[in-house]
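Visitor: Let the sequences and hints guide you as you build the complete structure.
Letter 352 of the sequence shown, counting from 1, is numbered 352 in our numbering, and no numbers are missing.
Since the hints were made in silico from the structure, they are not lab data. Just so you know, these numbers come straight off a predicted model, no measurement behind them. Possibly wrong hints are sitting among the right ones.
Calculated lysine-lysine pairs in the BS3-like style (CA-CA distance at most 30 Å, straight line) [said to hold, decoys possible]:
id: 1; residue 1: Lys368; residue 2: Lys328
id: 2; residue 1: Lys268; residue 2: Lys186
id: 3; residue 1: Lys186; residue 2: Lys26
id: 4; residue 1: Lys372; residue 2: Lys348
Label-pair ranges, simulated between beta-carbon atoms [stated by the list, open to error]:
id: 5; residue 1: Lys407; residue 2: Lys190; range: 52 to 62 Å
id: 6; residue 1: Glu51; residue 2: Val197; range: 20 to 30 Å
id: 7; residue 1: Gly199; residue 2: Lys295; range: 21 to 31 Å
id: 8; residue 1: Glu109; residue 2: Asp340; range: 39 to 49 Å
id: 9; residue 1: Phe183; residue 2: Ile402; range: 12 to 22 Å
id: 10; residue 1: Asp321; residue 2: Val154; range: 48 to 58 Å
id: 11; residue 1: Leu436; residue 2: Lys3; range: 51 to 61 Å
id: 12; residue 1: Val197; residue 2: Pro86; range: 47 to 57 Å
id: 13; residue 1: Val435; residue 2: Thr184; range: 41 to 51 Å
For each residue, glycine too, the CB sits at the ideal point set by N, CA and C.
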Amino acid sequence: MDKVFNLSSSGSFVGEWWLPGKEDLKIIGVLDYSPESGLRLNLEGFFKGNEFDVIIGEASGSKITLLNCFATTLVTPFHEFAEYAPTQIYANMGIIGLHAEAEQNIQLEFIKLETNDIKAWTCLTGIDYKGYSQSFKKDSSTFNIPYKLPESEVFYAGDDAKITLNVSLNIPSLMRPPSEIIFTEKNTIKITNEAGVNGLFFFDYIDAIRKFITLAMRENVTVQNVRAMPKGSKDLIHVLYMPIDIELDYISEKSSIYDMFFTFPKEKHRISELFRSWLRGYNNMMTVYSLYFMKSKGMLHNLFLPKAQALEEYHRVSRPDADSWGLKSRISNLFEKYVDIMKYTGDKEVFSQLVLDHRNYYSHWFKKKENKVLKGIKLDYLNRDVNLLLEMCLLTEMGFSIPEIVKMVEGCHAYRGYLDIGGPQGAGVSPPPRVLWKPGIVYPD
1 MDKVFNLSSS GSFVGEWWLP GKEDLKIIGV LDYSPESGLR LNLEGFFKGN EFDVIIGEAS
61 GSKITLLNCF ATTLVTPFHE FAEYAPTQIY ANMGIIGLHA EAEQNIQLEF IKLETNDIKA
121 WTCLTGIDYK GYSQSFKKDS STFNIPYKLP ESEVFYAGDD AKITLNVSLN IPSLMRPPSE
181 IIFTEKNTIK ITNEAGVNGL FFFDYIDAIR KFITLAMREN VTVQNVRAMP KGSKDLIHVL
241 YMPIDIELDY ISEKSSIYDM FFTFPKEKHR ISELFRSWLR GYNNMMTVYS LYFMKSKGML
301 HNLFLPKAQA LEEYHRVSRP DADSWGLKSR ISNLFEKYVD IMKYTGDKEV FSQLVLDHRN
361 YYSHWFKKKE NKVLKGIKLD YLNRDVNLLL EMCLLTEMGF SIPEIVKMVE GCHAYRGYLD
421 IGGPQGAGVS PPPRVLWKPG IVYPD
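Guide: Written as structure tokens, this is what we have:
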């Protein structure tokens, strides 16, 4: 299958659809995909029932299998008596290029994941930049572009899966004299099914990888397409689904290694162990990870509340011995744990009380607490400090030590400027020089 289905683009498939084992009862319909609403099958009829593990189709010249489906149009006994009873069905996932009567009948050798550009983090490229600049010789009519396709790099090696970082190169076909020649180099991620398990084993890996690299880069990593190789096949199939939104509230403004926490080459020697540790946290603290990476509504209080809740949940899971502690005690304890960085934000007790007051207000909207709530730039500063504390907790879940995390934050140019570490006031970084959380100061506007 030559066509690549981009998950950021809409598309439609027109054809016939049926349930497993009931190929004699086909219904005409259109499968629509959009990145905003996912997969929706509009049928010129109905299937009995409202939930379907699998729906099979032959549409727009492709074999299609839809998984984990439910009717958004309620199907009732009255549908059987209607002359025309169209229905709409939502599918969580579509496999383009394959028929399967059950998810467990699908066995994939590997999947190939393409994201937005992560080369700034992987530094995986075949271009010899020094050789490239030297290839243009003065008064010469020819030049060579030095390029060697790099070898794959192991990202993770486990009993059930192996993950590698790879480079693909798209070379243009020259059908006529071109005005420009563009070679496109992309980094891709390959997840190999080492254990030979059936089903769609790879989806937790996709989400965990995206979040791992997003935090490392301090930049949102999006899924562009997912392709897979079925066992015994030579042709890639495509997976359509609506990826969970990942949107950091405070990101690197440019893809610079100086604004990242770390890069792949820096931690290449232990990247597999870091990701293994990350997977443990991902599975044990799913709520914490989801709250940090979730797409907020953009309002300052909508940025604050999920992060404060994530810190509370993180401390609850990581410190089961402190089960009876309140939020303020938990925040104070985390502040103290990362005090070498948090000291730049101000006083521990003031900060912890502010987090408690704001969590209580934004959770319950108590009018009597309104006078304790920050607004504008001061609330933004509180958000940033809570966000920083949560980031350091997540870096701990990767397996980094406290001294390593301190070095990362102090080495990140954006944080150096924001926290005013070792430079002029603000170091020319937005936001401007900040208000510290000091005892005895009335902060609300």
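Visitor: Any hints this thing doesn't respect? Which numbers, in order?
Guide: 3, 5, 9, 10 and 12
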